[in-house]
Amino acid sequence: MTAVCGTYYLQTQSFSLSCFFASCSVGFLATAVLVINNYRDIVHDASVKRMTLAVLLGPQKTRLLYTCLILLPFMACAGIILSDLRLYPVTIVLLVLPKCLFLIKTLPRQQDEALNAILFSTVKLELSFSSLLTVSVVAASLLNF
1041 MTAVCGTYYL QTQSFSLSCF FASCSVGFLA TAVLVINNYR DIVHDASVKR MTLAVLLGPQ
1101 KTRLLYTCLI LLPFMACAGI ILSDLRLYPV TIVLLVLPKC LFLIKTLPRQ QDEALNAILF
1161 STVKLELSFS SLLTVSVVAA SLLNF
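In short: position in the sequence shown from 1, add 1040, done, that's my numbering.
Hints may be right or wrong, so weigh each one.
Dumping the calculated DSSO-like pairs for lysine-lysine here, alpha-carbon to alpha-carbon at most 30 Å [claimed, not checked]:
id	residue 1	residue 2
1	1089	1139
2	1089	1101
3	1164	1139
Pair by pair, the computed Cβ-Cβ distance ranges are [as the list claims (entries may be wrong)]:
id	residue 1	residue 2	range
4	1111	1183	26 to 34 Å
5	1086	1184	45 to 53 Å
6	1178	1085	37 to 45 Å
7	1183	1083	44 to 52 Å
8	1148	1057	33 to 41 Å
9	1090	1056	19 to 27 Å
Everything labelled a hint here was simulated from the structure, so no lab data went into it.
Cβ atoms here follow ideal geometry from the backbone N, Cα and C, with glycine treated the same way.
The whole structure should be built from the sequences, with the hints applied where relevant.
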């Protein structure tokens, strides 16, 4: 977030709420990848006394954190649109919402090696979301040029 907003400021000498929300949305998903990775290793990490956030929170609260982190990007996209209505094409990111809901529903039933699929799906989700966000912002720029 700091890198994105800082770079934006250096290039424009101004601050943009839409830039802030866009950086948060991608950052939330990047953090979700880290959280699910820690969740996958929670039993081993606890057994060797490695105090990761997942170990400290426990499985249930870690799942809640993961859920929040993959849903918050959609709230951030609402912030993008509310900060600049010309960026309405950002709504296209809703195409990946069903994948988020599937991951949330599936996570509690997965254990051990099956969590690798959730991890890889979260990475794919981040890539899909980020790609759609990028394309939508470029489209909005071209439509409003």
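Each hint, compared with the structure:
1. 1089 / 1139: Given pair residue 1089, residue 1139 is violated - Cα atoms ~34 Å apart, limit 30 Å.
2. 1089 / 1101: holds, 19 Å
3. 1164 / 1139: holds, 10 Å
4. 1111 / 1183: 26 to 34 Å: holds, 28 Å
5. 1086 / 1184: 45 to 53 Å: holds, 52 Å
6. 1178 / 1085: 37 to 45 Å: Since the Cβ atoms of residue 1178 and residue 1085 sit about 41 Å apart, the hinted range of 37 to 45 Å holds.
7. 1183 / 1083: 44 to 52 Å: holds, 50 Å
8. 1148 / 1057: 33 to 41 Å: holds, 35 Å
9. 1090 / 1056: 19 to 27 Å: violated, 39 Å
Of the numbered hints given earlier, the model fails hints 1 and 9; all others are met.
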